[in-house]
Amino acid sequence: MVVLIVVVVVVVLIAITLVVMYNALVRARHAWQNAYAQIDVQLSRRHDLIPNLVEVVKAYMRHEQQTLAAVVSARTAAVAARSAAAGAPGDPAAMAGLSGAENALTGTLGRLFVVSESYPELKADQNMRQLSEELTSAENRVAFARQAYNDSVMVYKNKQDTFPSNLVASMFSFGPAAYLELDEPHKRAAPRISMDRNE
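The opening position of the sequence shown corresponds to residue 25 in our numbering, with each subsequent residue numbered one higher.
Just so you know, not all the hints are guaranteed correct.
[What the hints assert, rightly or not] Cβ-Cβ distance ranges computed for the label pairs, FRET-style:
| id | residue 1 | residue 2 | range |
| --- | --- | --- | --- |
| 1 | Pro200 | Pro144 | 43 to 53 Å |
| 2 | Asn190 | Val31 | 22 to 32 Å |
| 3 | Ala117 | Leu28 | 45 to 55 Å |
| 4 | Ser97 | Val179 | 32 to 42 Å |
| 5 | Ser97 | Pro188 | 48 to 58 Å |
| 6 | Val31 | Asn182 | 27 to 37 Å |
Simulated from the structure, these hints should not be mistaken for laboratory data. The structure presented is a predicted model; accordingly, all values stated were derived computationally and were not measured. Even for Gly, the Cβ is constructed at its ideal location relative to N, Cα and C.
Required output: the full structure, derived from the provided sequences and hints.
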């Protein structure tokens, strides 16, 4: 009788432990999925600002159609990649596609702003300044949302990879979640300091 009670208690404890680990994995998966939804909202806002920016710039930069076409093309690719990633958030291939498309868009926008420096009237345009500020604000929100997403993915991966919850994750087929890596060259580049007194 005592042996039976001990066996029942052990089985109940194992079952409770499995339920707790399963629920922790589910909560972690929901956390990164929610965090990705926030990235999607911010990327959508960023993408929606770009056509307005292109229209303002178009009026001043008639000779820079190639630059504008590159921005429009990169935005189209980024919107498609965002849509694909929204259909499979966390999927490594979808996240890689989104990262590549967003990095290309950031690069073309950077080139657009470099070229726009040659147009003083454009720099002085109120709409251009407002759109630039909104775009910068949107990019900052994307960066914060991406950090929250990557943190949530890390928690989820830790639960997926550590013993004994990794057994529960494999038993119940908890899928992978990939980080979203975006280039932020302005954060990686070291500041340039000149000791030349003539500058």
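Here's how the hints hold up against the structure:
1. Pro200 - Pro144: 43 to 53 Å: holds (50 Å)
2. Asn190 - Val31: 22 to 32 Å: holds (26 Å)
3. Ala117 - Leu28: 45 to 55 Å: Taking Cβ atoms as reference, Ala117 and Leu28 lie about 51 Å apart, which means the hint holds.
4. Ser97 - Val179: 32 to 42 Å: Between Ser97 and Val179, where Cβ atoms are some 37 Å apart, the hint holds.
5. Ser97 - Pro188: 48 to 58 Å: At roughly 49 Å between Cβ atoms, Pro188 and Ser97 fall inside 48 to 58 Å, so the hint holds.
6. Val31 - Asn182: 27 to 37 Å: holds (33 Å)
Of the numbered hints stated above, none is contradicted by the structure.
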